[in-house]
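With the hints as a guide, bring both chains together as one complex.
Taken in order, these protein sequences are the chains called A and B.
Taking this note's numbering, the leading residue of the first sequence gets 1, the next gets one more, and so forth.
Taking this note's numbering, the leading residue of the second sequence gets 233, the next gets one more, and so forth.
Please keep in mind that the hints were generated in silico from the structure rather than gathered at the bench.
Just so you know, even glycine gets a beta-carbon here, dropped at the ideal spot from N, CA and C.
Accuracy of the hints is not assured; some may be wrong.
[To be verified] The calculated label-pair distances, taken between Cβ atoms and stated as ranges, are:
#1 B:GLY316 with A:ARG110: 50 to 56 Å
#2 B:ASN835 with A:LYS131: 20 to 26 Å
#3 B:ASP995 with A:LYS107: 53 to 59 Å
#4 A:ASN136 with B:ALA266: 44 to 50 Å
[Stated by the list, open to error] Over 12 Å on every C-beta distance to chain B, these chain A residues come out as not near it, computed from the model:
#5 GLY163
#6 PHE170
#7 ALA172
#8 LEU174
#9 VAL180
#10 ASN182
Okay, here's what each chain looks like letter by letter:
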Amino acid sequence: MPRGNATASKALRPEAVPPRQGSYNAAIADQTANLAIRGLLLFLIGVFLALVLNLLQVQRNVTLFPPDGFASIFSSAWWVPPCCGTASAVIGLLYPCIDRLLGEPHKFKREWSSVMRCVAVFVGINHASAKVDFANNVQLSLTLAALSIGLWWTFDRSCSGLGLGFAIAFLATLTTQLLVYNGLFQYTSPDFLYVRSWLPCIFFAGVITMGSIGRQLAMYEYKVVQEKTHQD
Amino acid sequence: MTVREKLRQKISAGFYWHGLLCASYPVPIILFTAVCILTCCYPLLKLPLPGTGPVEFTTGVRDYMVPPQEPSGDPGERPDWYRGPPVAYIQQVLVKAAVSPWDNRLVPVDAFRSPLGRVFSLLDEIRNHVHSDSSGVRSLEALCLQVTDLLPGLRRMQALLPEHGCLLVSPGNYWQNQRELFDSDPDLLRTVQQYEPKGLHTSATLKDLLFGVHGKQTGVSLNSRNRVVTYTITMALRHYDVRFLGSLRSRLKQLHPSANCSLREEHMVHVHFKEEIGVAELIPLVTTYIILFAYIYFSTRKIDMVKSKWGLALAAVVTVLSSLLMSVGLCTLFGLTPTLNGGEIFPYLVVVIGLENVLVLTKSVVSTPVDLEVKLRIAQGLSNESWSIMKNMATELCIILIGYFTLVPAIQEFCLFAVVGLVSDFFLQMLFFTTVLSIDIRRMELADLNRRLPAEAGMPPAKPGPLRPRETPPPPRPSPHTITLQTPAFRNLRLPKRLRVVYFLARTRLAQRIIMAGTVIWIGILLYTDPAGLRTYLAAQVSEQSPLGGAGLPHLAVAPATPPPELDPMPPPIPQISWGPEDEEGWRRLSYRHWPSFFSYYNITLAKRYISILPVIPVTFHVTPREALETRHPQDTRHAPPLQTDPSPNALPHGAPVQTDLTLYKVAALGLAAGVLLVLLLFCLYRLLCPRNYGQNGVQHGRRRRGDLPCDDYGYSPPVSEISPLLLRGHNMDIECLASDGMLLASCCLAGQIRVWDAQTGDCLTVIPNHGRNQGKSSAVTDLETLGGAEGQDAGGAGYPVRRRAAPSRPTLFGDQPDLTALIDTSFGQQPPSQAPSASSGFDFGGLVERAYLEHEPSVSPVFSAPPPQPVQRRRSLGDQPMAPTDWDSAVWALELRGNLIAAGRSSGKLEVCLWDAVEGSLRCSNEDGVSGITALAFLNNRIVAARLNGSLDFFTVDINKPLGLLQYRGGPGRGSMPPSPCYSSDDVISCQLTRSVQCAHQKPITVLRAAAGRVVTGSQDHTVRVYRLEDSCCLFTLQGHSGGITAIYIDQTMVLASGGQDGAICLWDVLTGSRVSHVYGHRGDVTSLVCTTSCVISSGLDDLICIWDRSTGIKLYSIQQVLGCGASFGVISDSLLVTGGQGCVSFWDLNFGDLLQTVYLGASSEGQGVRQLVVLDNAAIVCDFGSELSLVYVPSVLEKLD
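Extracted from the complex, chain B is given alone in its bound form (with noise of 0.2 Å):
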């Protein structure tokens, strides 16, 4: 175990300063990775591009001998593939015919009719040609192909191809075989014609099949220009037998002599058909390139809180990529071929190399804590994951080289390639992705830089990233407060619609888009609707299509296919029939899908295998004018050909000419027309996008800004000074709680000066000097002020030297003496913080300090069983009596403010209602029925929920000599009612009952209390929350879901619950069935604070951030850094308006949108200060503590449309 940790700490150690070395020279490290990546691929480019098309190895025909079928001796000059004997020996006999010498009396179709007419005899003489010798008598029927049925899909062909016999076709096949059916043949034409198919066609026609040659080859048409005839007798052998093919040769040479004929005839073509790739294979190729891109997908979609999602996710795509690369070119260095199917393998090999060592860094190195520096962050990422992916590579590893001991060779080879491409993805993980993602990490913190400038705060704000999907806003609610802030120019949706499309099309360069890509279709379209353009060259292209071609320049089609020896200027009349080398391997010409689909009819494949081509046996045909005029059919003559009247064919060559320049013409005029319409739609762009938004945008945003806000007198000044803060001076120390009600504010200050305010002037109203209270409004601070742990810890740091060292003199103290709170003042400030742990600091229940706290409580119940004797001296005291000495050891941990009524909870179980007037606050009745302190309370109607620290539960009711209404009457109608009428005078006798106690309400201490809507909802250190109803205080449910601590509780009238605990995780709710909604997780560390509304959830952590989330879908929408220690200070003022503490400043924010609007700066020599609390009032006007001074800063606009 312990070699393992040691071995973890070496690893960490490892990747942390790989991580900073990584961070610190980024440019460096990507060169050198690039020039990795390009030397390992450098190999690749001898590897011979994947393809179907066949390859060919000629031999001499001489020393012809079938191949063994073992490889034997010098592999150097022999393909592998070149083993055993081929499918079959293809001999083609290649037959020119024509009519010589021309005569006028003949018409177009002579020229082919009585020389296809020839092909009958001549497969009659090598059907009956015998070779007998020595060895026996030899014929065709014994060496040839014998082939059976046609494939059944082919019964179409069943009358043209032979069955059951030889392999030998020819044009005769037309008319299967038989002269008469040709003689009576009325249009030979239309019966060739009539097989072939419509449209574009990919492999061989029938015609290419049976004529042996390419269609335009053959010279079977009415105008063709030389009137000679080509075609082929082609036989497929099985066996290869020289003396026969010898005799047949010179047999045929002798009969049918071709006088300039050159033609060599000593090489064999052997050609490779690779392994064709059909539908059906396909498909299971596709799905798993589907599966592998759903794959990525969903992985890369996991890569958040970066600064560019897409970069970071091709990075890692290309991180992928680039190490299988890496892979197959070193395998081939070191001399491994790759003989696997690479198309195929692939989608494994990068499900097995995986993306998720990416997203893990990526994860990792965004949740480190965001104020430490890049290099830092990136180091600490690496370090915390490095163990598990060094485990998980060295798993991976293991697996892999178990699949090596399969010793399947297939299995074997695809391991070691994954072997190296693990290798190298690793290598480039940490090269490549770690220097990228500190490259994004470094802009996004720019980025959040100049979110914050204050110089930059009207402009639009640097984004809070891409990752924020931008939703589609909520329909405003109709609400009292009507946010018409001064908004930045940019922001889309305020502008008016115009402007929006303007901004739209510019935004998303829509127009050239679209313009590029019209272009591209319309001349895509040209080029292939032209006569001369794409469609006839692909035509030509895909018929005449062949990779076997020596000849590898593929004609155009626009020039004549025929080749030019015949375009003599001086046409002869007698049909010249030449001999080239062309003739030589006419095949060539063929579709390379010719034989495998000639022999695929037969169901014969060629997939792997070879045939043999030998060398053609030319044979000639001079057909005399006679005997053409014999054989012709009397409707040949019905074509009257326009050939015959002007025999010449000078008519012919100009045709194309013609044609040409027609198509010249027409390319011209469309291009011309498209140009105009070009600048046409150019210009309309123009004036329909630039005019309207060059230079006036500044102003007439100004007027339109004017225009919407009358109440507002600066106009377009600027932001920072529209707002000005009322600042609040009265306390000598710094501010700690702030509790409100909406209208009124009390505050508290370290001396335990309490002063209330007027919220709407600002006026301070009461001031209740440092008493016995003082703990209790230090206290309230975190329970009812959404403050992060750090003042409560002082508070409770704060209240045990108070304590102890005012306490026998405390009896003096009564009756208001202020000079008093100055002194503890000043003492306990100077009191280090460091002597705070005692029983009674355990009740800073704010989340940072809860586990200290937990510590403690078993210390705390024999601290609090000390005071039940004080009670009798308590009770006493009622009325305007200050409070008994003993009293005071006790701190408020809980405080509430309703009407004119606080009340306080202490940590000796009492609870105080106690009434202020304008003048001084007086304690008007107390109840300590409880021994346990009040951690929490709840003040509503007029009932009081006070949370204890043993867990238990108490309802108490306030009664009063007055009818209650008065309650309800103080929430609504504002401050002018406030001071000369106050609720309760002091002659009221107010009561409060403990109604019910629910003892063990919770298994450990309740942090949180919250009251809305009829209920109460508890939050406890015992991972539950309960929901209590207020009435007759009946648990409802136990919320079950946390794995931490309760730390932060949100209630609204809408019985929206949400619930934030010390594991960082937000839920919501549903407070009519219990049931969970969502469940997020969003902080590292305790969740401070949460508030929600109608569409998001809004929760800040220890960890200083703002996340706002999705309400119906738990999707984070963005988040928002805030200072260190002001993480906590934040508060909605309406559906759409955030307000943030600061350094100094308050920031307003869309929350739609997480722009920042406003920043306002509460003084000008404040910067260090930071605000740590806020609360926003009923009249939108915004609390903030700000040193010793309170800060009011009212929303100006809303102040307004509420008056």
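Chain A extracted, bound-state conformation (with noise of 0.2 Å):
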């Protein structure tokens, strides 16, 4: 759905101006191209923290580092990374298709240096979660969700991104929590409570990071289409 509306979006506004047939069809196809490319890319990046993001979570819970660590890299279930990529591509494509669709680019602190130290204060939030020692889990998850509307404030103050953000937060938690009473999918803690408190901050904080690396992406994107369109 959300790729599908970035293609008509994108495709509506050439037919604005008077039609040259080639380069139209040559703006679509490239526009496609673009969109592959930056799923892709968004994909990876949603596979790399998963697997970075796991990593961390698992150390906490196990303290023996056997000498071939990178088995345990993959020790959490094979389908989490690539549904953690989709995930992210499918957010990282719907961010800037929704600020089209509202007529308002997003304008505050787009740049990549900002949007690194956005995923910087998401590792670190992660972090937190994973190696400071919380008195109780109350404490965490307002420490955590502080944070995450902290990194919203700081680095999106959108009103999209904010409500979006909450949905898919909401959304997932509800699928994860699902899959584990239906047995799909286990915790490595086996403290139910401490996932399910710190579930929907990493959630949150995660689809604001990847929604500003992808409005970050189509940006740049746009900015190329515009001047292979020109080019035609």
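Here is the structure:
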């Protein structure tokens, strides 16, 4: 659905001007290709982050690091990283698309250094949730929630971002819990409450981060598309 | 709100003074900051270096008690990890066994076969030892550490390591602790060696594990010199039982007494292992660091417009890093010892502190007016950003404060560090970075200054900075102009290939670097492969590396591993079993990963825990030769050892020196060879590089130049005299405007006199004296000539008084009376321009006064509603008749010259097309359909487009009774045809018909109008650009994208459309699709002029900067700082040659590189006059106004090529 929307909205732009058939088709082909590249890039980023962050979580519960450390990267179910990758691709494409639908491109801190900062803070939140010992789960949840909202305020500040973040975090948490209750997926930690308390915040922060990356990529692609159509 | 404003002002003022201070005393401030940093970092010296090596703590055996779980009492002595029981107590039984006396019948295998065989009986002894006293019966089974399965990955070792029982290892494990297997083993060494890993290994090997001593000490080898076998039986105990261990110790000592053993058995060492960092743990860490570096990279990439980009980036990173160090140092000073893992939180700290402020500061400072003093620039830049910096800082502090109240110790500590880091970062930004920035800015200005110095015109210009990406030049387009200007000797691309290679080598010092790197690599390889070299050393180091080692000296590998006492010159036939202090803690020589890996086999981690190592129990075996012979395996004798034939060990000590000697020779030979090679290489390089360009550069250059420039009679003369300007004199007053259609040149001075010149010869063809048209000429300035707003204002100011004062006497002026022009000139010159504001002065739509224009707009329409009655008179005056007196009242706002037709648009809304011939100008037709003033005109083929003040757009067609082909004919052939055959004779009837009028083309007045390639492009105050088709005057696109009024537009035959606005933005558009190709912000203030070439866009702004942009990427390549007021005067001669006007001179630049090629001085005494307008003609001549004179500058070689 998001992909379709993005294609449609992009394709609409050249139509507003007197059509030149060749360049029009080429532009559409270009945009589709760009969309695919963007999606792939986001997917890879998502997979990578999922692996790394999963490793952080694993370390919390496993005290021994066997010499063959690489095995533990894949210690969780195999389908988790691809799922995360797909989700991040969808989110990363959805954000610029929604921005375009709302008519107002996201302008706040739109540069790569800011995006990098955002990713670093996201990893930091994960790190904190994995490494810092909290007194109780309420404290953990509150801290993480504050950090996530702070992340949104620092790097996003758009209502669409907030809304989408909440919605996706809710859905993802729900899905995860359903999976757990159906026994398809198990946490490494037996502490269910612990898992449940950090999960939504992490999801929210992740959505904001991936949205930020997606928007930045979209901006870049948009420029490229413009240039290419010009060259045609 | 007022408080806020006050605060803001205070902060701003404070920053301003601070900036002044920093820029005034850069060196003392930097020194002060450096001292501060060092002082704050001083406490860091006390911190232990981070590492994962184990720590140890020694206690006495006698009064040993298991330490309590909770820390108690004296924290000073005990380390904080010494709490609770250890993971295990390690008890080692150190066995030294030898066959004595040594017998000649014995083969080397005998030296260790039977001593090793004794381990089984000893094991039985230990296992079966039972201590019974009043408290009960205790055996090893009860006390020892019970282990379960090995880790699944260690199936290979299943047979060797104990499972499901006591953790008790000995060499006997090789044979499953069964004597029979040992006896029937034909090759003991092979059994031992087969489990050893190949190559370099870092962790403990199985041999170390089972023997319990370092591999070299065991003596289990064929050429062991002292034939003493050493091994241990290692047992891990769960509980510490003094009595059981005491009885075991005394029992073993009693059974196997060690004669000269003097081991002190009173210390027990507790070894604490830190958390190990595995690969898995490193991955997130590495990821965060990668993200950190990406962040720093993307941040510093934004630093722009400074002298040294790298220098500032370095300064930024230094600022952040030293602020971190300072914060750690300060925290340590105040007793807050960091417990967090520094490496882990470091990236987050950097991200929290951030580089933003630094970048914001840089941006703000470099965007201050360049003509200010450096001090003031810094101060202004600082005070501009002071509020946002303070606000950001306060926000961050608040966030961190909130974090502090989470009451999680780790987060609190992080927050504390972050607060101190933020404050120290602020301190450093204000003192260190600002000062560095001021130095940098000063350097850049110096460089700019140097670049403009005339003496250095031929020298390599101090480059516009490394910020300019040196891109590959676009392929030369076949154009009529081939630029063969005098080029400085240092420009790479014009040089022959050979020289370019040489220069490249010289510039990058490639040869030296390659040689250096090669040498280093070669030495490294030599060291590594050398038998006495690094590899053996490394291997030895790694395998026996033990930070625990009290004897800290790593012994060199060349030296024999065994201690020297056995190296007696008189070898005793009886192997001596000696006990020394080094045996006391033999485990120290093991790898420090020995114990962790030992326990990790059973899935027991030692990370953050400790083990206690008990004093060893010494056991000595003396095996008689007879016993050795008895236990010999039949196959042992197969190894006919050289040792037996030469029992004297003298042969052995010889080996090592011989080997070292060989090594020495080898090294010497290789070194010699390398030296010779190096010398040869250097010699070759010298021959290659040096003789070619030593001192011959200039000569070669001159010759080459001369060859390239056959037309240049001056040869290699100084470049300044090569191009001599041609001065066109005639005007009495300063030249105000220039118009040209390529071959002809029309100029107008302040007096209103129009002269038409031949652009080739410089002859004055026509003088149209000042009658009604003078305003028209003066006002044409702004529209036609890419002029800054200043002139427009002058003209506007001029128009008003002239009109008012001269109107009554107007009729007498008819008939070309030149004396009156002078009169008007004088009066005009005396008029202060402050009288300017009036309704008609609103026409000065040059960028500077656009706002004033807007303000005047309401008053414009009533004034212009007055003229309509006049046209009646006007029509009558068609033909050669001069204009009616009332017409004098309306100024000419726009002027176009095409062929011999001059089109003039007037403020009254009248369009005049006048014809000039060789004698005088005469009005041929006019059109007065419009009521609103014509602000801009475009004359293309036979069409005239007029933009009016009310935003409407009129399309006119010029009809002549002669074929229109004349107009095209005028464009090409050049001046030769012009004077003898004017295109239109005065007999021709020229009519100008309004074909179409687009009302409300724009909501606001149209400021710019350009026509090319069948398109008419208008730019307006209403922030939009519209594209019309010329033929049917149909609006194709409305281009939106600017956030200010449009001030400059460029369109050419290739349909490139660029527009610049009051917001300083430049947009490139695709005329075919109407889409915006790129959008850059380049100028502070209006964009005054725009030109595109095939590869770049050149823009000038009110900030007197000429910026060159890459057209495809929109990246600014470089910028040229112009003299004040000359900002808009530039022209493009060809794709690679740019001309800019300056103070009394024009400068030629290479467009692709931004190098200054040449500066031409227009006159000797004219330093004060700036070139304000510059027009490039078709024949590559440049016309610039120069006071009251015009300067015609030919680019000679270009001229030659064209002809």
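Quick rundown of the hints versus the structure:
One distance hint, 50 to 56 Å for the beta-carbon pair B:GLY316 and A:ARG110, holds here, with the actual separation near 55 Å. Between B:ASN835 and A:LYS131 the beta carbon distance is about 23 Å. The supplied range of 20 to 26 Å therefore holds. The hinted window of 53 to 59 Å between B:ASP995 and A:LYS107 holds, with their beta carbons roughly 58 Å apart. One distance hint, 44 to 50 Å for the beta-carbon pair A:ASN136 and B:ALA266, holds here, with the actual separation near 47 Å.
Annotated as non-interface, A:GLY163 keeps its C-beta farther than 12 Å from every C-beta of chain B; the closest such distance is 23 Å. Non-interface status of A:PHE170 relative to chain B is upheld: no Cβ of that chain comes within 12 Å, the nearest being about 24 Å off. Consistency note on A:ALA172: stated as away from chain B, and its beta-carbon is indeed over 12 Å from all of that chain's, at 21 Å minimum. Residue-level check passed: A:LEU174 sits 27 Å from the nearest beta carbon of chain B, beyond 12 Å.
With a minimum CB-CB distance of about 24 Å to chain B, A:VAL180 clears the 12 Å threshold, and the non-interface call stands. Against the 12 Å criterion, A:ASN182 stays outside the reach of chain B, whose nearest CB is about 29 Å from its own CB.
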